[in-house]
Amino acid sequence: MAITDIDVYAHLTESDVETLGAELDAIRRDIEESRGVDDARYIHRTIALQRGLAAGGRVVLLFSNHKPAWLVGTALLSTAKIIENMELGHNVMHGQWDWMNDPEIHSSSWEWDTTCPSVQWKHSHNYIHHKYTNIVGMDDDVGYGILRVTRDQRWEWWNVGNPLYNALLAVFFQHGVALHHLEVAKLRTGQKTYRQALKDLRLIGVKEVRQNAKDYFIYPLASGPNWKTSLTANLTANLIRNLWAYMVIFCGHFPDGAEKFTTDEFENEDRPRWYLRQMLGSANFRAGPLMRFFSGNLSHQIEHHLFPDLPSNRYEEIAVRVRALCDKYDLPYTTGSLPGQYLLTFRTIAKLSLPNALLRASADDAPETASELRFDVRGGLKRHFGVDPATGRRRGLRTALRELADSRVAATQT
Amino acid sequence: MDLLRWSTRPARDVEAVSPRTNVIRGLLARATTPLLPDDYLHLINPLWSARELRGRIVDVRRETADSATVTIETGWGFSHEYAAGQYVGIGLMVGGRWHWRSYSLTSIGDPDDKRISITVKATRDGFLSSHLVDGVEPGTVVRLAAPRGDFRLPDPPPGKILFLTAGSGITPVMAMLRSLRREMSERDGATVEDGATVDIVHIHSAPTRDDAIFLDELEQLAAQWPSYRLTLHLTSSAGKLDPESLGEDVADLADRQCWACGPAKFLDALEKLFDHEGLEEQLHVERFAIARTDHGGEGGRLTFSVSDKSIDIDGATTILEAGESLGVQLPFGCRMGICQTCVVPLATGYVRDLRTGEERREGERIQTCISTVSGECSIDM
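Protein chains in written order, with this note's numbering: chain A, 1 to 414; chain B, 1001 to 1381.
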């Protein structure tokens, strides 16, 4: 049934939430005040690297009839597309680099190398998704209108195709992202007119033509007799980028522990509780420097959702402080290995093709969604939270979740 | 022709000296979309891009103790067909951020010379001007905005001119003098228009001879050019130049077109005098800084609703400066309230014009570079 009373779910008092909010504000301020030459150098180098890889890949692919050239060129091009979409496009459009006052690296002017027009993306992602994150019925990214990712979404007969839609979305991810702005869920319910959708579609069409003409017509044409291998190289590079972007985004939002919320929660929300919702609603995955870079620093999805417009190269240091806050308030910090997070995600998607009647857990206490009631449904669980007078340690959500898991294990053993 | 329009479409907003360039740029951009070829090429040579006009500082030459002439090699797309007296916007990256100011060009446009120069005086509160005079290294890449401004001589120039300059106000007038001199030498003898010589009276005011920028060049001009009369007014010995006495110094004031540039107070006094004499049509002034009067607004909260950012500012900070400190992309040009590039509609609240103290309210279109918040306001940017 998703979380309605976020304070109770998080096992925090009103003043706890206020101080947590102030501490997160302090992190934001520190980063904002320390942005400078090093950060500017980072983004300039990333841009130079990305364009170098793209140009290099295009040149090598002119000789794509040779197998090694095909492999190298496709690798270069895939890498360039991944960096462009993740570390550059997504982050620049969030305004992470607007502070540099550079018209060429600015959210208002950046257009990215994918079929989704940036102006639509900034609305559906920066605004709808980042403001209403994980509120079932408000955030279109909860299933993108085609997937059932939480049992809070009512089951419809066509949801049986959930794993299939998932696979199609992964393969054609860039087109899925482009069509996302049509808001099919709102079209179905009549909240959006087909006339408006047609207008959006026209803009998408223009960019689809431009992008596809470049990858599947101009470069194969420039490759002359090698047009066939050039075409397959471009298809492969786009596919690799699609799969990777899909993977990163799904592992940031749909593993177990990324909680969902009700519209009632949103109506009683202020800034500190918005922070709290972002922390509880996102999931990270463990990554070394290289994987972090290729994920556009979205391996730090929690930090990104807390501070979507702070420079991505700072998420790693922000994470240290966010983890410390999670320890202090005994809050969960949802993370895991990339394959692990994906398995959890896929399990949810596969399972939710079935109606709730065939599922064991209730929407108040399921792996992918829960509510504050989850701590009421089992007998024998301690309801109190706050500092334990005996040990001096805070007993919060993290401990409560562990106790819940332990009791579940105990229940199955008896 | 439609095919031509189609070819140039990706390069629609890009400045190009020759229209043919944008056909090529537009065609190549089909292979680089969503970028332009320039976005790749400027990584090889920083001047090979016209998406944003760029330049490279080639020389910083000291003029006086606190001023210097900065020579800049310009990149693709920068038009050298500007008029003497116009100014150029310069963006310099300091501490990872781009900072922008406008300066009068002291070079005169020449299509064969890919260089421009500005002469900058370091002012006490001028963060960027001190940086340009003292700190900038040759080789530094700067951003440029295309030259503009109405402070320019008509073509052909009038027969009788009065230049009134004070301090670094000499810079746009120096460009005018250089261009007049070139025009004359090109026309084979010192005649223009209907054979008459341009008769110039120039009164320049500076604290001491050492502080006077371009003094050598001005005196040399006066020596070689009989119809150019220079009067140097040194304020350290003679006191401030009094516009009231202008009528006595320049007997034929009523016959002359006057171009004046200098501190705000000086220009205010001149405007009053010319108004009084009924000669306001003959006075052309360039204010190279916002005249921040004591009309300052009350300050208050400024909100950029689209960027979802807000800031509390004092009554002396402009909306443009505040927006830039938050990283909100606002249009701008001269940054002194004359070019109207920065005009945006005021969504809610009140602002105050820093020059006049006039208050403007929601729905009006305001110049962000000379307006500050008065209480509270928001802008849809």
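It is worth saying that the hints were derived from the structure and are not from the lab. Do not take every clue at face value.
[Said to hold, decoys possible] Subject to a maximum C-alpha distance of 30 Å in a straight line, what follows is the list of computed DSBU-like cross-link-like pairs (lysine-lysine): (1) B:Lys1240 to A:Lys131; (2) A:Lys186 to A:Lys351; (3) A:Lys192 to A:Lys131; (4) B:Lys1309 to A:Lys192; (5) A:Lys122 to B:Lys1272; (6) A:Lys67 to A:Lys214; (7) B:Lys1265 to B:Lys1309; (8) A:Lys186 to A:Lys199; (9) A:Lys186 to B:Lys1309; (10) A:Lys199 to A:Lys131; (11) A:Lys67 to A:Lys228; (12) A:Lys122 to A:Lys192.
[Claimed, not checked] Cβ-Cβ distance ranges computed for the label pairs, FRET-style: (13) A:Arg28 to B:Trp1006: 52 to 60 Å; (14) A:Thr193 to B:Glu1137: 55 to 63 Å; (15) B:Gly1139 to A:Lys131: 55 to 63 Å; (16) A:Leu62 to B:Arg1012: 53 to 61 Å; (17) A:Val171 to B:Arg1020: 55 to 63 Å; (18) B:Trp1006 to A:Gly288: 44 to 52 Å.
Quantities reported herein were computed from a predicted structural model and do not represent experimental measurements. Note that CB positions come from ideal geometry on N, CA and C, so glycine has one too.
A quick look at each hint next to the structure:
no. : hint                              : result
1   : B:Lys1240 to A:Lys131             : violated, 60 Å
2   : A:Lys186 to A:Lys351              : holds, 25 Å
3   : A:Lys192 to A:Lys131              : holds, 19 Å
4   : B:Lys1309 to A:Lys192             : holds, 28 Å
5   : A:Lys122 to B:Lys1272             : violated, 52 Å
6   : A:Lys67 to A:Lys214               : holds, 22 Å
7   : B:Lys1265 to B:Lys1309            : violated, 36 Å
8   : A:Lys186 to A:Lys199              : holds, 15 Å
9   : A:Lys186 to B:Lys1309             : holds, 29 Å
10  : A:Lys199 to A:Lys131              : holds, 24 Å
11  : A:Lys67 to A:Lys228               : holds, 13 Å
12  : A:Lys122 to A:Lys192              : holds, 18 Å
13  : A:Arg28 to B:Trp1006: 52 to 60 Å  : violated, 46 Å
14  : A:Thr193 to B:Glu1137: 55 to 63 Å : holds, 58 Å
15  : B:Gly1139 to A:Lys131: 55 to 63 Å : violated, 45 Å
16  : A:Leu62 to B:Arg1012: 53 to 61 Å  : violated, 29 Å
17  : A:Val171 to B:Arg1020: 55 to 63 Å : violated, 43 Å
18  : B:Trp1006 to A:Gly288: 44 to 52 Å : holds, 47 Å
The structure is inconsistent with the numbered hints 1, 5, 7, 13, 15, 16, 17, although it conforms to all the rest.
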